[in-house]
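Colleague: With chain E fixed as given, assemble chain Y onto it according to the hints.
The primary structure of each chain is shown beneath.
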Amino acid sequence: MDFDFSEDQDQLRDAVGKWVQKAYTFERRRSITAEGGFSAEAYRDIAELGLCGLYVPEDMGGLGMGPVEGMVVMEELGRGIVLEPLSQALIAGALLAGYAPKELAAHWAPLVASGEKMVVLAYQERASRYRLDVCSTKATKAGGSGKGGDGWTLTGAKSLVTAGDKADAWIVSATVDGKQGLFLVTSGASGATTRGYGTMDGGRAAELQLADAPAQLISLDGLVALEHGVDVGIAATCAEAVGVMDKTLAITVDYMNTRKQFGVVISSFQALRHRLADMKMQLELARSMSYYASLKLNAPATERRAAMARAKYQLGQSMRFVGQQAVQLHGGIGVTDEYIVSHYFKRLTQLEMVFGDSLHHLGEVSGRMQDSAGVFA
Amino acid sequence: MDLAFTPEEQEFREDIRAWVAANLPSDISHKVFNALHLSREDMQRWAKILGKKGWLGHGWSKEFGGPGWNSVQKHLFEEECALAGAPRVVPFGPVMVAPVIMAFGSPEQQARFLPGIASGEVWWSQGYSEPGAGSDLASLKTRAERQGNSYIVNGQKTWTTLGQYGEWIFCLVRTSTEGKPQTGISFLLIDMKSPGVTVRPIRLLDDSVEVNEVFFDNVEVPAENLIGEENKGWTYAKHLLSHERTNIADVNRAKRELERLKRIAKAEGVYDDTRFRDEIAKLEVDVVALEMMVLRVLAAEKSGKQSLDIAGLLKIRGSEIQQRYSELMMLAAGPFALPLIREAMEAGWQGDAVGALHCAPLAMTYLNLRKTTIYGGSNEVQRNIVSQVVLG
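Protein sequence lines, in the order shown, are assigned to chains E and Y. All the letters of the first sequence, read from the start, carry residue numbers 549 to 925 under the working numbering. All the letters of the second sequence, read from the start, carry residue numbers 111 to 502 under the working numbering.
Take these hints with a grain of salt, some might be off.
[To be verified] If the Cβ cut is set under 7 Å, some of the chain E residues that face chain Y in the computed set are:
{"#": "1", "residue": "M549"}
{"#": "2", "residue": "D550"}
{"#": "3", "residue": "D552"}
{"#": "4", "residue": "F574"}
{"#": "5", "residue": "R576"}
{"#": "6", "residue": "V812"}
{"#": "7", "residue": "V813"}
{"#": "8", "residue": "S815"}
{"#": "9", "residue": "F817"}
{"#": "10", "residue": "H822"}
{"#": "11", "residue": "E832"}
{"#": "12", "residue": "S836"}
{"#": "13", "residue": "M837"}
{"#": "14", "residue": "L910"}
{"#": "15", "residue": "V913"}
{"#": "16", "residue": "A921"}
[Claimed, not checked] Heads up, simulated DSSO-like pairs for lysine-lysine below, C-alpha to C-alpha not over 30 Å straight-line:
{"#": "17", "chain 1": "E", "residue 1": "K650", "chain 2": "E", "residue 2": "K665"}
{"#": "18", "chain 1": "Y", "residue 1": "K348", "chain 2": "Y", "residue 2": "K290"}
{"#": "19", "chain 1": "Y", "residue 1": "K392", "chain 2": "Y", "residue 2": "K172"}
{"#": "20", "chain 1": "E", "residue 1": "K566", "chain 2": "Y", "residue 2": "K415"}
{"#": "21", "chain 1": "E", "residue 1": "K894", "chain 2": "Y", "residue 2": "K412"}
{"#": "22", "chain 1": "E", "residue 1": "K686", "chain 2": "E", "residue 2": "K727"}
Calculated from the structure, these hints are not laboratory results. Every residue gets a Cβ at the ideal spot worked out from N, C-alpha and C, and that includes glycine.
For reference, chain E alone in the conformation it holds in the complex:
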């Protein structure tokens, strides 16, 4: 029972932290948002640090690292509210290496790891909300119709695909005779069209339309694979949120120790100090549950799913509180675009609603509840 980071993990944290500080300034982020919410250059920078291959095995060109390394890296990116979606690369790497047929994995995993190709998850549909098992996109086995004997075609519509119109390929859930499968579709495939848009946090997403689009099979056990991929995403998002909250608290403390009213710095006022104490509480509860999520990511599926639900519920609660109170404690400037804290608040707001919000996960926790209690239950 040990919560220390290894020297390697500390060095990884340092490297990412330094890149964020030097190369991903608030001004750069602002211009990325203005240009659509995604920068291929920034994604390349992240790839050059080796991060896109964190969960790809070494013999496929990745770093072959584990959830704790993922957690450390995502936290640092969260601290700089980086828009480019490393969590998607982590998901793609894990799914390709863990579930795809050997040839498909051998071809795509190295490309994900190097950053040459960006692959993102496309599972959400208008009707599915946060559920993973609601899927009306259909997969049909292609046979002798000129699209390849072993191949598949997909028809349907996916929503809220992170940086979806900038991706080189999508991992798409689709049903085969009513049972969910998981497929890979390359951008530029016939019948695949996207409509990109900015998101409320300054990032980018897209709608994906598929009309008999050619696809390669990743797994016929698609729901199991998708749940695993989403859990990788949840653990990454929890870690990212801790970084965002940590920095949000630091910004707020700084402000309160500087801003004077009534002749004193506003950090003198007890009501505001207590608010800070409550924010600190939420941050540490969140950090504790982020550790929990990462440490449970390699547990058997049932245990893992239950753990991610618990973690995402806590993180959602914490994110919302810390974000809201940070704005509140800044007074008027907290709601301006010019000042930085609203951007942290918006990122926290968005992250709560990615991979299931608090209420959704409360339902999951509730549904999975056992007689026993505690971390080791």
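Modeller: Leaving out everything else, chain Y in the frame of chain E:
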């Protein structure tokens, strides 16, 4: 980074579990599991069983006859006891005054007082708060005037937990009014059988007499009962606060009570009510998060690091969770929590409790636990401390 306990720690846990199973009287654990009334005899019986094993002072160093356990072992011991339904150890002797005697007392004082504490034979009380000195403890007024070889003590202590059973009381007393209030306080050990000591119980809202007022009317206390130096008492008392960090979160008990809440909710038919079940689910996550925070503090102590800013959060969160599970248990019983039938809170009662028997103590427990956010440094004071650290 690893969540699992080491094989050695697991083995330690299993040894403790076996010992507790063999030595904890089942009539006592029955009362604890069902929140029934525990008598003085019950509490002292368990204390003496632990004392005989050398585990009443389970946090004591080997130098003083303790088992010399590290932070993880202490946590596992406390957990196994709590999960098995052992009563909370009355802390005033073994956990509060003993460390002060060990750190600041003379060899004579150690030889005189520690054995009685370690064995569970002597019941100790804490004399800190006064009617005018609660959160502002340093403003205490109970006076100790040196006269020859004695101190003459005059004043009043309040909120003295289980003081009606106390044989000795350790007191913060004022020995000087010069300078800042903290610099005029001494740490004095007083025999409660001394002439001039009067104990008066305070009835609490749950009808229990868990706390007392203790009056000192010209009580003569031998000067050799002073711990350390005069006017250094505040420092000694603060030393106490830098210990027992994770125990205060009471997460082990929280796990046991959460399991009990689920049983009660099922029995009362509300476990399948979505809205009620969701409230339990929230608490479920709260308990996991608290336990993770406790483990982080323990792991930090284990690797010799400062557990920083997190330890201050444990009391706040732990007390809120205690209040919440007691609240939900009462709400699970619903209207059948309302009858106040005292006999039903005693073990072995066979009558009609109006609701199920498990409903009988729930309202009183809920009322009693409102104290948890107030004592041990109110949660408002704790937030002052947390925010001070955050603001730097």
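Colleague: Which hint numbers doesn't this structure obey?
Modeller: When the structure is compared with the hints, numbers 4, 5, 6, 7, 9, 19 and 21 turn out to be violated.
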